[in-house]
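Novice: Here the structure of chain A is known, so what remains is to put chain B in place on it, guided by the hints.
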Amino acid sequence: DAGVIQSPRHEVTEMGQEVTLRCKPISGHDYLFWYRQTMMRGLELLIYFNNNVPIDDSGMPEDRFSAKMPNASFSTLKIQPSEPRDSAVYFCASSSRVGGYTFGSGTRLTVV
Amino acid sequence: AQSVSQHNHHVILSEAASLELGCNYSYGGTVNLFWYVQYPGQHLQLLLKYFSGDPLVKGIKGFEAEFIKSKFSFNLRKPSVQWSDTAEYFCAILKAAGNKLTFGGGTRVLVKP
Chain A
1 DAGVIQSPRH
11 EVTEMGQEVT
21 LRCKPISGHD
31 YLFWYRQTMM
41 RGLELLIYFN
51 NNVPIDDSGM
61 PEDRFSAKMP
71 NASFSTLKIQ
81 PSEPRDSAVY
91 FCASSSRVGG
101 YTFGSGTRLT
111 VV
Chain B
1 AQSVSQHNHH
11 VILSEAASLE
21 LGCNYSYGGT
31 VNLFWYVQYP
41 GQHLQLLLKY
51 FSGDPLVKGI
61 KGFEAEFIKS
71 KFSFNLRKPS
81 VQWSDTAEYF
91 CAILKAAGNK
101 LTFGGGTRVL
111 VKP
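Chains as they are written, first to last, in the numbering used here: chain A, 1 to 112; chain B, 1 to 113.
Chain A with its partners taken away, still in its complex shape (with noise of 0.2 Å):
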């Protein structure tokens, strides 16, 4: 199994443009979690899916963000207009219900 397949690995943007993020969770894997690791605010879900319908979307931060989850084998998390601020890592992970999660490797956006 190839794991979680996030892309791509940095991004680097100005301030204002438009930004995706893509995740593939683990084939089988009914849960997928987006999470954003800041060095001030540490590790925060965003968002996450059960079987690809949104279950809780109380950690994001602003309209700004939207997340969608069109079928099993693909996430994605957009940012429209990108800021400074959201410069992070971006995390998706996956799990089944009687798993523990599953990392992938995540996105290093930097907003200039």
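Source of the hints: derived by calculation from the structure; they are not laboratory data.
Just so you know, not all the hints are guaranteed correct.
Calculated pairs, DSSO-like style, for lysine-lysine (alpha carbon to alpha carbon, straight line, at most 27 Å) [as the list claims (entries may be wrong)]:
1) Lys78(B) with Lys24(A)
2) Lys49(B) with Lys100(B)
3) Lys49(B) with Lys24(A)
Source: prediction; values computed, not measured.
Specialist: Below, chain B alone, put in the same frame as chain A:
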């Protein structure tokens, strides 16, 4: 709501020293417990987990953790650390009926060669 506390934010020790990282949680119901490790520049990886049974859990790379229900604790230990154990360690809980991990703030461990 449940929460997880890791008391030490930074730990510095020398190779071959013993390591113990504290983790306490607040939730009255049944929980599953995890320790994750994040090496510099990498993603989180599962070290060990406790679901039920023997409260002393052995994980990868010589780590172990003990669940003490009466103290709501799940401390991580390693008898003799190596330089390669330099990383950030996260404790996390999962409510038995849920699927959302709650993480502690993490402990950065620096092992001096």
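Novice: It remains to establish, for every hint, whether it holds in the given structure.
Specialist: So, going through the hints one by one against the coordinates:
1. Lys78(B) with Lys24(A): 34 Å, violated
2. Lys49(B) with Lys100(B): At roughly 15 Å apart (the allowed maximum being 27 Å), Lys100(B) and Lys49(B) satisfy the hint.
3. Lys49(B) with Lys24(A): 24 Å, holds
Consistency with the previously given hints fails for number 1 only.
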